[in-house]
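Peer 1: Letter by letter, the chains look like this.
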Amino acid sequence: MTTAAHRPDDTILYLDAISVSFDGFKALDGLSFYVRRGELRAIIGPNGAGKTTMMDVVTGKTHPDIGQVIFADRVDLTRLDEARIANLGIGRKFQKPTVFETQTVFDNLELALAGDRGLWAALFFRLDPAQRQRIDQVLETVRLTDHRHRLAGHLSHGQKQWLEIGMLLMQNPQLLLVDEPVAGMTDEETQRTAQMLKEIARSRSVVVVEHDMAFVKSLDCRVTVLHEGAVLAEGSLATIQANERVIEVYLGR
Amino acid sequence: MTTRHHLPGFLTGDRGGLVLLTLVLGAALLVPAGNLLLAESHPLHVPTYLVGLLGKYLAFALLALAVDLIWGFAGILSLGHGAFFALGGYAMGMYLMRQIGARGVYGHPVLPDFMVFLDWQQLPWYWYGFDLFPVALLMVFLVPGALALVFGWFAFRSRVSGVYLSIITQAMTYALLLAFFRNDMGFGGNNGLTDFKDLLGFDLQADATRAALFSATALALAGGYLLCRFITASKLGRVLRAIRDAESRTRFLGYRVEHYKLFVFVVSAMLAGLAGALYVPQVGIINPGEFSPANSIEIIIWVAVGGRGTLFGAVLGALLVNYGKTWFTGALPEAWLYLLGGLFIGVTLFLPRGVVGLLVGRRRDLEGSP
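So the protein lines, in turn, are chains Z and D. Residue numbers for the first sequence follow this note's numbering, so the first one is 1 and each next one is one higher. Residue numbers for the second sequence follow this note's numbering, so the first one is 254 and each next one is one higher.
One should not assume that every hint holds.
As a list, the in silico DSSO-like pairs of lysine-lysine whose alpha-carbon atoms are at most 30 Å apart [said to hold, decoys possible]:
no., chain 1, residue 1, chain 2, residue 2
1, Z, K26, Z, K61
2, Z, K96, Z, K26
3, Z, K96, D, K309
4, D, K450, D, K309
5, Z, K198, Z, K26
6, D, K450, Z, K61
From the structure, some residues in chain D lie toward chain Z, with a derived Cβ separation under 7 Å [what the hints assert, rightly or not]:
no., residue
7, L289
8, E293
9, T301
10, R412
11, V416
12, R491
13, A495
14, R504
15, L602
16, R606
Honestly, the hints are just simulated from the structure, not real lab data. The C-beta atom is built at its ideal place from N, Cα and C for all residues, glycine as well.
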């Protein structure tokens, strides 16, 4: 088991003893772990282990009672709000696909495009050729080129998940948090998604929260197991699956 | 449509809006011409009462447009927008009161009649400057805008939204209703401000003045439309719709949702204030009744009937419902409120996109399919 105490220099995200409680229930209880630059990391754990709360803390939706979240070795995220954290370079994909359903695929990506988020910039915004090219590129990556003019609400479930991943790419984040990306997907879509995430992780850090063990296996990365708001085990999937305590609380005998 | 290529970008593809602009600008010319130039016996003569009535409708249409900007595009359901309308109206009313000068019943050179009646010795400080038209005009925008800024800043920063926001906007207009009813507020209490004589030196009873007020209202509506269309067709408009449909997603993309909401809320309040300022000289009175919560709810019905989120739909809805109101309150006065309520329920259930949805619905639904 790795502790955060001797973290390496190339850490992108460092959670240090985070505790959060809701009405006396400890959702996170001294949670510590770190993610390295360029790493793809899977987080697993039973329901109520604190996976989503962990994401809420990192993205500023929930402020922890104690502890620090250090991003890129310099910023403590725990007192910042969502917009600020997003602009620092952290993207988040929700469990349920959330795209802007009444707007086209292209417009969804344009809204996510990295850049000035101010009012005046938005009021007088004009898309330049480089930005248009970037959108085309992302459309290609998430396999939605042929659907660019469709309303996002008309896409299939899997396509919406991909569009949301595409929006995260448009944000050009250094760190991507992805919550259960393959829930409700067909096997083929799941495989494609795993490929997509691996591709993305080549140029940035990605943290994936997932239930689907087959999917975690296909990600082929380091795995962190959460249990009752803290890290239970961490290592390769094979080590995890052999761990007695993990088997007991999560995988089942 | 030969001028299509000369249109600014934000108007292309907005056929409903172009038709509306053409009609409103046409009316700005033709209604006064029909009133002033054609003899009373001429079949196309527009009687003066009708000029005033149409002017009132157009002021309401501008108010509906203001509500559609926030409700239709940003999902902010304000049930207190009548307050901004009334504040704009009071600012104009105060100017018109000061214009009466010594011609009041009591003949006091400075104090309006109701202040003399209350035995006040001097003008309250907040009435200073309202004898100057530019100051009053500034206040028409500034007072509703400032209230919206303060109110919105607290509400949006605390992330009050949905039905809770609707309730506090309703409470806001109700609080103002009670405050303006009080005589010691200095706004004429129950009776409000009335007995206006002239505006910029022109007699408010003269046909030409009324025709000019009508044209000014039509131009304000056209200008308001262009402004709203410019905002909603820009990327800012797409951010607003993103907030309406998935607020937290928008936040996680890095947009400061509260700034965007505050911006349109203030713009909308100012447009509502302008509508009130145009309304008051045409109906000749402003009283606290304009703050009544029911008025604000009625605006929502106009927008819902016309078609939310389309801008020209809001204008259409305001005109249709108000025409219906004029007709019904003449023919069957007791039935009107029931009809209005029934209309809202009917539209919500069967025409979620309003009359405009009926007109262009088929085409829109197909848009975006492969």
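Peer 1: If you test the structure against every hint from before, which numbers come out violated?
Peer 2: 3, 5, 6, 7, 8, 9, 10, 11, 15, 16
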